[in-house]
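Student: Residues per chain are reported as follows:
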Amino acid sequence: MAITRRILLATTTLALSSHIAASADTVVKWLHIEANPAQVKIWEEVARDFEAKNPGVKIEMSFLENEAYKAKAPTLLQSKERPHIIYSWAGGVLKSQVEAGVLEDITAAVGDYKDNLSPGAVAAFNVDGRLYGLPHTVSQVGFMYNKALFAKAGVDGSKIASWDDLLDAVRKLKGASVTPIAVGGADKWPLHFYWTHLAVRIGGKPGFQAALKGENGGFESPVFQRSGELFKQLVDLQPFQTGFLGFKNPDAVGYFGDGKAAMVLAISSFYVTQRTLSASKAGVGDDNIGWFNFPIVSGGKGDPSDTLGGINGWLVTKGAPKEAVGFIKHFISADVQKRLAAGNYIIPTYKGAESGLGSEFMRNIAHNIAASKYHQNFYDQDLGPNVGRVVNDATAEIAGGTMTPMQAAKAIQDAFRQGN
Amino acid sequence: MSKARLDGTVAFKALFLCAAVLFVATPLLATVLGGFKSLGELRTNPFGLPHSWEWHNYADILFSSRYWTLLGNSLAIALLTVALTLITGSMAAFVFAHLRFFGSEMLFAYITAGLLFPAATAILPLFIKVRDLGLLDSYFGIVLPQVAFGLAMSILLLRRFFRDLPPELLEAAVVDGCSYIGFFGHITLPLSRPILATVGTIVFVQSWNAYLVPLVMLNSDRLYPWPLGIMVYQGEFSSEWNLILAFITLTILPTVVLFLFAQKHIVAGLTAGAVKG
Amino acid sequence: MRFAVRRRDSSKWAAILLFLPPALLLFSIFVVLPAGEAGWYSAFNWNGFGRPTRWIGLDNYRFVLDNRAFGVAIGNNLKVIAVSLLVQLPLAMTLAIILAERFRGAVALRMLFFLPYILAEIATGLMFSFIYDGNYGLLATIYGWFGAEAPHLLASPATAMPAILVVIVWKYFGFHMMLFIAALQGLDRGVIEAARIDGATGWQLQRHVVIPLLSPTIRLSVFFSVVGSLQLFDLIMPLTRGGPADSSHTIVSFLYTFGVTRMRVGFGSAVGVILFLICVTFAFTYKRWFMRDE
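So the sequences go chain by chain: A, B and C. Here the first sequence is numbered in numbering that gives the first Met the number 0, starting from 0 and rising by one per residue. Here the second sequence is numbered in numbering that gives the first Met the number 0, starting from 0 and rising by one per residue. Here the third sequence is numbered in numbering that gives the first Met the number 0, starting from 0 and rising by one per residue.
Derived from the structure by calculation, the hints contain no laboratory data. Among these hints, one or two may not hold up.
As the list claims (entries may be wrong) - In silico lysine-lysine, DSBU-like type, Cα no more than 30 Å apart, as pairs: (1) A:Lys28 x A:Lys158; (2) B:Lys263 x C:Lys286; (3) A:Lys259 x A:Lys280; (4) B:Lys263 x A:Lys94; (5) A:Lys409 x C:Lys78; (6) B:Lys263 x A:Lys28.
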């Protein structure tokens, strides 16, 4: 019995590595979307480190810009030349990739290793009980602000708690000739944060789940209409920088980093990127940068501790060499996670690594996420490749004034009915 | 005609030409010169001559393997496309020009129907087809669709030229016992160099500049032709315009050089090809 | 003799059987079949993986026609045609008339004006995104003189499409100019001389003699403007990708953004079929109504 098992094991390993045996080196192709050179440099070192520990394995890194990657992914995944490790935001997009059969089930290969990571984040990469990837970071969406510019307009960021407080702050900032908010409207998704976070505040978890079941008109329900209307209130104050619909996200974050706008509705990781993307590379300094959670809406059913944010990780594509999983594990090991946390690049998923976060700012974010009972993933990923994109389209149209909140809600619900 | 009025017309023409030259040349010059500037200078002085010439912007690109890989891919794809188009196109055009058989007219109409619609109309099924043939991420995944969509125009132009060759040649050759295939190889092709050059140039320029088909069929930057590569480059250096402008200059340079050397064929080809398009 | 005929016959069939299949096969596999399949796929809701199974009849066409951005895209294609006819064509013709005459530098100017046409759309688009950039470009400089902040032309739904139209004129007028120059050089000089002797001068001569003689070329130029507009894609991507807020899509960039990048094969195929019908209908009616004499 033991012998048969051993033979079976040997043949499976042989089968797995058959096409590798032909060449001396196993090449693991890793496609990432990280544009921050400082972080990429660390990643390269991690890759070289893995190569040193695993002779005969080569990690080949390639880069696609965020938007280009999202546009390319559907065709990319159908190619034989697809990379072995790809970036993912989990959610409905992941689910459709699983259904398409282009991902590798790595449940067995990961084994108990997943127990080292935050269970909530790991669960996001679980589809129907099978694991297809591992998370390396989580993030929170909230307002990052420039204390000096706030002071100039006589606004106290720590006092902004409700949506009306936010609108007031915008008015005061405008009164003081400060651009209130920077946003990368060309990429659309930075705008969809407003609409979705409002929905998180107004409807809470039950509101979102009702919409998924198609109750109360789905995404045309009062929850989402109200989200659109409140967003429109903000848009009508013209809070964004001139030409915001033409700014890609990196441009807008750099604009905030340059001190040209008082706020940005940010993913927590912008804390670092606003520096690298600013002209001076210094960005808004630690003494000058503030954060407040997305304001609550009076009468909203959401809990103030609910968060909107990302759960980001790495997927292994079908036919990838088994070393790909090994590399992901290495990439999400305690050492690497601590190192990235110390540089404030990520909110780590490895249990305990968050204690090494290099700044008070990021520790606060980690605390918020840990305290959240409902962490809503970005809609544009969570709702799947088609519906998610329509959310982006529709919210950008509200911001551009070409759709009313009603029309936007209808467009999203129509798309939802069509499915992905 | 009074002298004054004549001068008026001349002055108007001169002014009009100057305005047109300014309109056309400004973006081109700004691009080439912008590549020589530092980012700071580009902000303050986007259109003038650089105060200090930053040669390294260009040198860095020229000494990077990235630039040469892109150009190499574009060249390989374009040359393969030209070769296949000329071979298959001239053979078919020869049949349509000289040989009549049952259904020949219909087949000719069938192929020229390709002129009616662009590749974009069928880009998704084309993607599925190329995927099912296992040609995604290969030169041929781009070359074959490009050849297929270029055939209609190429065959039309070639056939017209073949027909205009003196018919006595064919008669004489056939009497001498030369086969049609032999005639094609020994007489038609050597006499058709001008049209082959013209068609070849059009197909080359179109392939060299093509974006949509490579964009959909290629995923590996190892194989990217330059229009895809430059878009990636722009995504990477998003606001470092001086580098992007230098990169643009260096990628359009081959086109401009080719244009200067083969302008006769290019102008004739693109306008003539168009005329019967 | 009989033998000779037979030999000739076999040589003929050898040529046909050897020479036709490669082109026919390529054309059928990569042009005709996909065009037909677009019709078939357009009846499915399909993400491109596996085989299409979710039959939804004509729903995709409804979704396309219901989509606001598609209507905008059609409108933009019409704008491109309008600008081609109202701005580009007169510009091209005027320059052709000036440059058809022989004078020092005429040939060099022709080449300069033709140059944008052979540059890749991608490179052209990137060049102009610099020109239009609110922080660095031409407008930034001009506004800078007055100490004002320049508008980001490509960032506003109101100005993005007009800005693209300028690029289109820049890129394509040289081609149309060359068409007119070729036609002018082929004109019967005798007719023009006769008119001149009859006392026609300057603009009169152009208006009543030359332009009517150019009418076949004008019709041709219009034809290419329309066909070019229907294919417009490469230029849109580097400039705006169809944005802001989907205000500058053309039919093809709409197809790419909503069909290809989202792998909605059925939806995208429906857009393709609509575009196909527009192209074919246009080509037939135009050739029939306006280009009968060619």
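Student: Against each hint, give a clear statement of whether it holds in the structure.
Tutor: Here's how the hints hold up against the structure:
1. A:Lys28 x A:Lys158: violated (48 Å)
2. B:Lys263 x C:Lys286: holds (29 Å)
3. A:Lys259 x A:Lys280: holds (14 Å)
4. B:Lys263 x A:Lys94: violated (56 Å)
5. A:Lys409 x C:Lys78: holds (29 Å)
6. B:Lys263 x A:Lys28: Given that 30 Å is the threshold and the Cα spacing comes to 46 Å, the pair is violated.
The earlier numbered hints that this structure contradicts are 1, 4 and 6.
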